[in-house]
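Colleague: Residue numbers (this note's numbering), protein chains in the order written: chain P, 1 to 302; chain E, 1 to 302.
It is possible that part of the hints are untrue.
As the list claims (entries may be wrong) - Here are the simulated DMTMM-like pairs of lysine to aspartate or glutamate, each with C-alpha atoms no more than 20 angstroms apart in a straight line: (1) P:LYS288 <-> E:ASP301; (2) E:LYS294 <-> P:ASP301; (3) E:LYS291 <-> P:GLU253; (4) E:LYS294 <-> E:ASP252; (5) E:LYS276 <-> E:GLU55; (6) E:LYS196 <-> P:ASP224; (7) E:LYS130 <-> E:GLU102; (8) P:LYS291 <-> E:ASP301; (9) P:LYS153 <-> P:GLU102; (10) P:LYS294 <-> E:ASP301; (11) E:LYS288 <-> P:ASP301; (12) P:LYS294 <-> E:GLU253; (13) P:LYS214 <-> E:ASP224.
Keep in mind that the hints were calculated from the coordinates and are not lab data.
Since this is a predicted model, take the numbers as computed values, not measurements.
Number of protein chains: 2
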Amino acid sequence: MSLLVVGSVAFDSVKTPFGEVEEAQGGSAFYFSLAAGFFNDIQMVAVVGEDFPEEQIDLLNERNVDTEGLQRVPGKTFRWKGEYTYELNEAHTLDTQLNVFESFSPEIPETYRDARYVFLGNIDPELQMKVLWQVRNPEFVGLDTMNFWIGGKREALIEALKHVDMLTINDAEARQLTEEVNLVQAARKIHTYGPKILIIKQGEYGVLMFNGSKIFSAPAYPLDAVFDPTGAGDSFAGGMMGYLSNVQNINDETLRRAIIFGSVMASYNVEDFSVKRLCEISYRDIEKRFKMFKSLTHFEDL
Amino acid sequence: MSLLVVGSVAFDSVKTPFGEVEEAQGGSAFYFSLAAGFFNDIQMVAVVGEDFPEEQIDLLNERNVDTEGLQRVPGKTFRWKGEYTYELNEAHTLDTQLNVFESFSPEIPETYRDARYVFLGNIDPELQMKVLWQVRNPEFVGLDTMNFWIGGKREALIEALKHVDMLTINDAEARQLTEEVNLVQAARKIHTYGPKILIIKQGEYGVLMFNGSKIFSAPAYPLDAVFDPTGAGDSFAGGMMGYLSNVQNINDETLRRAIIFGSVMASYNVEDFSVKRLCEISYRDIEKRFKMFKSLTHFEDL
Numbered sequence: 001m002s003l004l005v006v007g008s009v010a011f012d013s014v015k016t017p018f019g020e021v022e023e024a025q026g027g028s029a030f031y032f033s034l035a036a037g038f039f040n041d042i043q044m045v046a047v048v049g050e051d052f053p054e055e056q057i058d059l060l061n062e063r064n065v066d067t068e069g070l071q072r073v074p075g076k077t078f079r080w081k082g083e084y085t086y087e088l089n090e091a092h093t094l095d096t097q098l099n100v101f102e103s104f105s106p107e108i109p110e111t112y113r114d115a116r117y118v119f120l121g122n123i124d125p126e127l128q129m130k131v132l133w134q135v136r137n138p139e140f141v142g143l144d145t146m147n148f149w150i151g152g153k154r155e156a157l158i159e160a161l162k163h164v165d166m167l168t169i170n171d172a173e174a175r176q177l178t179e180e181v182n183l184v185q186a187a188r189k190i191h192t193y194g195p196k197i198l199i200i201k202q203g204e205y206g207v208l209m210f211n212g213s214k215i216f217s218a219p220a221y222p223l224d225a226v227f228d229p230t231g232a233g234d235s236f237a238g239g240m241m242g243y244l245s246n247v248q249n250i251n252d253e254t255l256r257r258a259i260i261f262g263s264v265m266a267s268y269n270v271e272d273f274s275v276k277r278l279c280e281i282s283y284r285d286i287e288k289r290f291k292m293f294k295s296l297t298h299f300e301d302l
Numbered sequence: 001m002s003l004l005v006v007g008s009v010a011f012d013s014v015k016t017p018f019g020e021v022e023e024a025q026g027g028s029a030f031y032f033s034l035a036a037g038f039f040n041d042i043q044m045v046a047v048v049g050e051d052f053p054e055e056q057i058d059l060l061n062e063r064n065v066d067t068e069g070l071q072r073v074p075g076k077t078f079r080w081k082g083e084y085t086y087e088l089n090e091a092h093t094l095d096t097q098l099n100v101f102e103s104f105s106p107e108i109p110e111t112y113r114d115a116r117y118v119f120l121g122n123i124d125p126e127l128q129m130k131v132l133w134q135v136r137n138p139e140f141v142g143l144d145t146m147n148f149w150i151g152g153k154r155e156a157l158i159e160a161l162k163h164v165d166m167l168t169i170n171d172a173e174a175r176q177l178t179e180e181v182n183l184v185q186a187a188r189k190i191h192t193y194g195p196k197i198l199i200i201k202q203g204e205y206g207v208l209m210f211n212g213s214k215i216f217s218a219p220a221y222p223l224d225a226v227f228d229p230t231g232a233g234d235s236f237a238g239g240m241m242g243y244l245s246n247v248q249n250i251n252d253e254t255l256r257r258a259i260i261f262g263s264v265m266a267s268y269n270v271e272d273f274s275v276k277r278l279c280e281i282s283y284r285d286i287e288k289r290f291k292m293f294k295s296l297t298h299f300e301d302l
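Construct the entire structure; sequences and hints are all you get.
Modeller: Written as structure tokens, this is what we have:
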């Protein structure tokens, strides 16, 4: 059963203390799909301009990503320029050019309308809903968002949250959304907005999942070189949703494993610029690092 | 086999967004001992002035803490005044009065000289060494320090590190000590200074242990109310060293469990001001929360 994702496809120019890239492939749907494609067939809904290279679309197709829903329209592809300092936890946006994204109106192909697993990547919540309404009978819907939409499109976002099963968000955004400092209390509030499952991303510190009253904590893998954090959240979501849509069984146990698969994908993603590492690794590498997460966190019970 | 600790005993005046206390009992040796006393007999080396209440010494004695090494000298007890904002991760020191601590010269009683487990709490590294040299044949030595000593007593600290098995430190301090941004690389450098085991404390995000090339990550328990973080690091170290000195067997497995016991003690400690919660709980509560840590972190391996 395939997994539908809507999000951005972009050219990212990124500078970190370890180097820089100009106009490398990126965007939430791009990172998500390449990570999720290890686990399942992906249906991608996004938009690019005339300048987007055909070979990148071939790359997606080779990696289990159906691009029938990827619109190519006149104009230039979305561009983002950002910089990270040594802390690496927060991107400083230097420039954003929406370009073809400005007038993007997602229309999903007929073949996508029966998708049961849907991930609404980090774009305008009104566009996220426009996609969701075109899916006939979704079984499990995840949504990602950010401070920009919490501040600027709060009402649309709160409306959207009524219709999703899982929200992924970082800790500062969880606080901003709920006006609660304490994350346990923020989680309780977010449950009342709709999502039964809340994933709080904490960058280099890992992830917290609030599944009703059950809490799961997973660390980020301590790497000896983090090159570029761009796309870490998207490849995390890709690994997580990819695994869940593959096992087709959502419960506390599969959610915990999904979070580890997501953390594995994010940990590889940050080891190089753009999607370079995601294109180098094999499923065996994913399993290997999954086991490393086990030994990283295991202790004997009483 | 008992556990010797040297550190401060203090009156703390603390203000958090949730309330404040004036001149409550605190100090690194005080928090450490009350936490460690759940696991083993403790020998405390510290100094107080004439104003320190006898009933607090009775409290220590009732909780397995031998106070023969607690000097009472003319003058006033060490005082610290600090404030936490909503973030709760960093204390802002408003006032420090060293008082009797200024001329503290630790002399350990003959009965303490055969201690096999030693914890050198966060004080001047020269005083830490002065204590260690009086112990005949220590088996396992832990040392805690802070930015103040890394900046002001760097040479003495580097010398001290040659003689300890385990260093506990927070992430900013690990970076400051090694001038490495990446924690894995910082850990490698610290191993070359002496300590085979490095515990990096990350506040609300938990703890990382570097045991040679093995890494263990433990979260902090997500509490729905954190009242006062003062003493969290000391009660963590107390739980950890208390457990290790009780099992008398240091290996990767016991170290991981020790970290969880430490995290349990820290999680109780922050639920109220001063040592109030540490005085309320029983060993059964500790076991109960240990099991909660297991369910917080557990996932099925592949």
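Colleague: Run every hint past the structure and note whether it holds.
Modeller: Here is how each hint holds up against the structure:
no.: 1; hint: P:LYS288 <-> E:ASP301; result: holds, 11 angstroms
no.: 2; hint: E:LYS294 <-> P:ASP301; result: holds, 7 angstroms
no.: 3; hint: E:LYS291 <-> P:GLU253; result: holds, 17 angstroms
no.: 4; hint: E:LYS294 <-> E:ASP252; result: holds, 17 angstroms
no.: 5; hint: E:LYS276 <-> E:GLU55; result: holds, 14 angstroms
no.: 6; hint: E:LYS196 <-> P:ASP224; result: holds, 18 angstroms
no.: 7; hint: E:LYS130 <-> E:GLU102; result: holds, 15 angstroms
no.: 8; hint: P:LYS291 <-> E:ASP301; result: holds, 7 angstroms
no.: 9; hint: P:LYS153 <-> P:GLU102; result: holds, 16 angstroms
no.: 10; hint: P:LYS294 <-> E:ASP301; result: holds, 7 angstroms
no.: 11; hint: E:LYS288 <-> P:ASP301; result: holds, 11 angstroms
no.: 12; hint: P:LYS294 <-> E:GLU253; result: holds, 14 angstroms
no.: 13; hint: P:LYS214 <-> E:ASP224; result: holds, 13 angstroms
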